[in-house]
Amino acid sequence: MDPTILAAAAINGLLMGGIYTLVASGLTLIYGVLHIINFAHGSMLMLAMFGVYFLLTKLGIDPYLALFVMVPAMYGLGYFLYRHMIGRLSLGRDENILLITLGLSILIENLALLFFKGDSRTVSLPYSDKMIELGPLLLGVPKVISFVAAMVLCAMLGLFINRTDTGKAIRAVAKERMGARLVGIDVDRIFAVSFGIGLATLGAAACLLMPIFYVSPSSGHVFVIVAFTVVVLGGMGSFLGAVIGGLIVGLTESFGGLFLGESLGQIGISLIFILILLFRPSGLFGDKR
Amino acid sequence: MLKVTNLSKIFGGLRAVDQASVEVAQGRIVALIGPNGAGKTTLFACIAGFLPINQGRVEFMGQDITGMKVHDIARLGMVRTFQITQPFAKLTVLENIAVGSHQLHARRDKALAHARTVAQQVGISESMLEQPAAELTVAGRKRLELARALATEPKLLLLDEVMAGLNPQEITEIIGIIRKIREAGVTILLIEHVMHAVMSLSEHIYVLSYGKIIAQGAPLEIVNNRDVVEAYLGRGAAEQMATSSAENPHA
Amino acid sequence: MNTFRSSWWLHLLLLAISLVFPVVFSSPFMVNFGVLALFYAFIGQSWNIAGGFAGQLSFGHVAFFGVGAYASTMVQMRLGWNPWLGLPVSALAGAAAGWLIAVLSFRAGLKGSYFALITLAFAEVFRIISNSVEITGGGLGMLIPMKQSMANFQFGDRRVFYFIILALTVISILLALWLKASRFGARLAAIRENEDSARALGINIFVEKTKIMMISGAIAGVGGCFFAQYFLYIDPTIAFGVDKSVEMLLVSMIGGAGTVYGPLIGAVLLAAISEVTRAWFTIQGLSLVLYGALLVVIIAFLPNGLIDLFKRRGQRPGRS
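Chains as they are written, first to last, in my numbering: chain A, 1 to 289; chain B, 1001 to 1251; chain C, 2001 to 2320.
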């Protein structure tokens, strides 16, 4: 096998992996703080991507610039959704919440199918076909931009969680809910904030994915499996885990496609998911819950 | 009946149970006491197979059961109750007990009938039988826990604080019930904090402190044992008690 | 105690109604509706005995359905066997898949949400494999050539299919009734409620859970065989796509998970939604939107299913 091809697959895998990290960090934040396994994560990403799509096709806003619209908008949506819906529904067993978010994902996916029909949409930008040279390799410009942006955003999120007061509060609630309440933290607000951030990461990921990928109502299903695999691999609630997990999953997907072909290649991700759950359910960095 | 030899259980760096040796002869009522956090429930969990042991042996009726699975140990005849009761919430009281009865009674109707009898023995009233277990009071739950374990017709019962949260009336009743269970031929090892119950029920007592057995013997010996008093009340307490009772013979 | 169970005449009445149904309503639309309702009741029961009775909620139950569908179709198309043999073959295949997933998941101690997710992953793996391998026809799936005859397990008169699925559904209901009255069922309920207590009372939870997954798998597998013969076409998405998993789960949760007739109640409702939206609104996929909404509403407000509505009328709430 030509080393150039291998290298290209590796680089491309890492580039996609960066975006998966972004998607997964939202999921892991929501789980870590609210203990909600948000099955609707994938379909919400799909919705966000449609949002980016329409911002471009109807209003001419470039996807990368749309970051400034989508991120706050999705944050607001998340905050609102939590306050008025999820908050009330999230009492009860873990499995009930999983079922509710499953129901939501079906609802969203099929509403999208109804309104947008089943075809995939892609966007074409003036720089879509531009390439960057990296030694013998040619990398698509949008992919590189998206990767860099994803890493920057992840770093920002990491800084936010570790350095700001709200971030501290979030970490406190994630670690010990009751204790956090006792020291005066408004736990409900933190829940809403966390859920908002979780969706905000999806808004960002949508902007970064649209230039390099496609969207269709059934993409939600695909993203969910990827996101969950990253989170489970990295460890539920672990931010570092989401980063490492994202990169590994990206690489797996890339090499899987290379060695096993289009169709069978997808199996790599599901297999990782199964293997991790069977042998190390707490993931690489998670706490043994 | 039960012979535990040098059992140790280590969590990370903590020796929750340290070289504990316990023997329970057939037909006896033996108590395991000690201050909170001494490791009593952990010891129970180790004996019954819920936790893997780091060191030591457990023999039940002459057979080495160290490392056996919980359900196999239960089928051999050693059944434990839980300190924090764990009823089958959505099932009725009768159905709860019947799960225990099913150990030896395969047919549903036989199991239910047997469960009824056991319920009576333990003092669960007819009216309670059809209630969902989730709706029981603490006392009810404790009785249910006991009844369920009893329904398996065990040879050895491990009772974990079966009297916690009961009022004096209920405690007296339970003491009577436990005596009757023993009279029916069941050996009992119990963890308990209610001292007068321990005193009146048990024939032999082991005292656990910081994971170690610090004393064992007949109830009266234990009460006067200095190490035991200090384990509960702190160092120097034994002397203080001795001197104060010398100064105030009527105190 | 359980007055519903002891009123055997109610069961008989229900049976009589369902026997008479296709005679009274013989239009193709109604017969199809009947078949669909019973089909979902049947595969819903498969999910129900694992999820409702034993508390093992799975999101990937379609895996057993698909394995059965492909197994029976492949022995027919690739080995030339008589299609009726597809019934036992699909049952065995479903049971084998149930065994495999159970043994792997339960050895690893997976429960609750983790178990639900891993079953989803298994179904996805099966989907990808069936999509990529020649013997299953790859992405194109498998078409069973139409040749209607009794011997060939294909019938022009759809009412024959109706009676077949009715028989299967009756069997599944009898199975559920038996579970309610047996030691095995009592043990499963115990496992569902509290695994530690169940263990402490001598129940080998690994073995019991595996047993019920095998039975559940077998039922779903047979459902797959029936589906293949009824529609004469399967492909990876139909056989292993998430939709069926959701439907199996949904009918049970709507009707009442852990009850004998829950899946039937849910199935009738689901089939009604499906056929009505298809016929009146001609909008594809509206039914699925409603399914999603229903799932959210039911879990949030009626977690015990519609059966709760019946129970609340002063009757004692208890083991359903």
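Hints in this document: simulated from the structure, not taken from any laboratory.
Some hints could be false.
[What the hints assert, rightly or not] With a straight-line cut-off of 30 Å between C-alpha atoms, the simulated DSS-like cross-links for lysine-lysine are: (1) B/LYS1090 / C/LYS2180; (2) B/LYS1155 / B/LYS1110; (3) C/LYS2147 / B/LYS1090; (4) B/LYS1003 / B/LYS1110; (5) C/LYS2211 / B/LYS1090; (6) C/LYS2180 / B/LYS1110; (7) B/LYS1069 / B/LYS1110; (8) A/LYS175 / A/LYS58; (9) B/LYS1069 / C/LYS2180; (10) B/LYS1110 / B/LYS1090; (11) B/LYS1155 / B/LYS1212; (12) B/LYS1180 / B/LYS1003; (13) B/LYS1069 / C/LYS2211; (14) B/LYS1180 / B/LYS1155; (15) C/LYS2147 / B/LYS1110; (16) B/LYS1069 / C/LYS2111; (17) C/LYS2111 / A/LYS175; (18) B/LYS1155 / B/LYS1069.
[As the list claims (entries may be wrong)] Short, incomplete list of chain A residues facing chain C, as computed with Cβ under 10 Å: (19) ILE108; (20) PHE255; (21) LEU258.
Please read all numbers here as calculations on a predicted model, not as lab measurements.
Using N, Cα and C, we set each Cβ at its ideal position, and we do this for glycine too.
Original post:
Looking at the structure, which of the earlier hints fail to hold?
Top reply: Of the numbered hints, 3, 4, 8, 15, 20, 21 do not hold.
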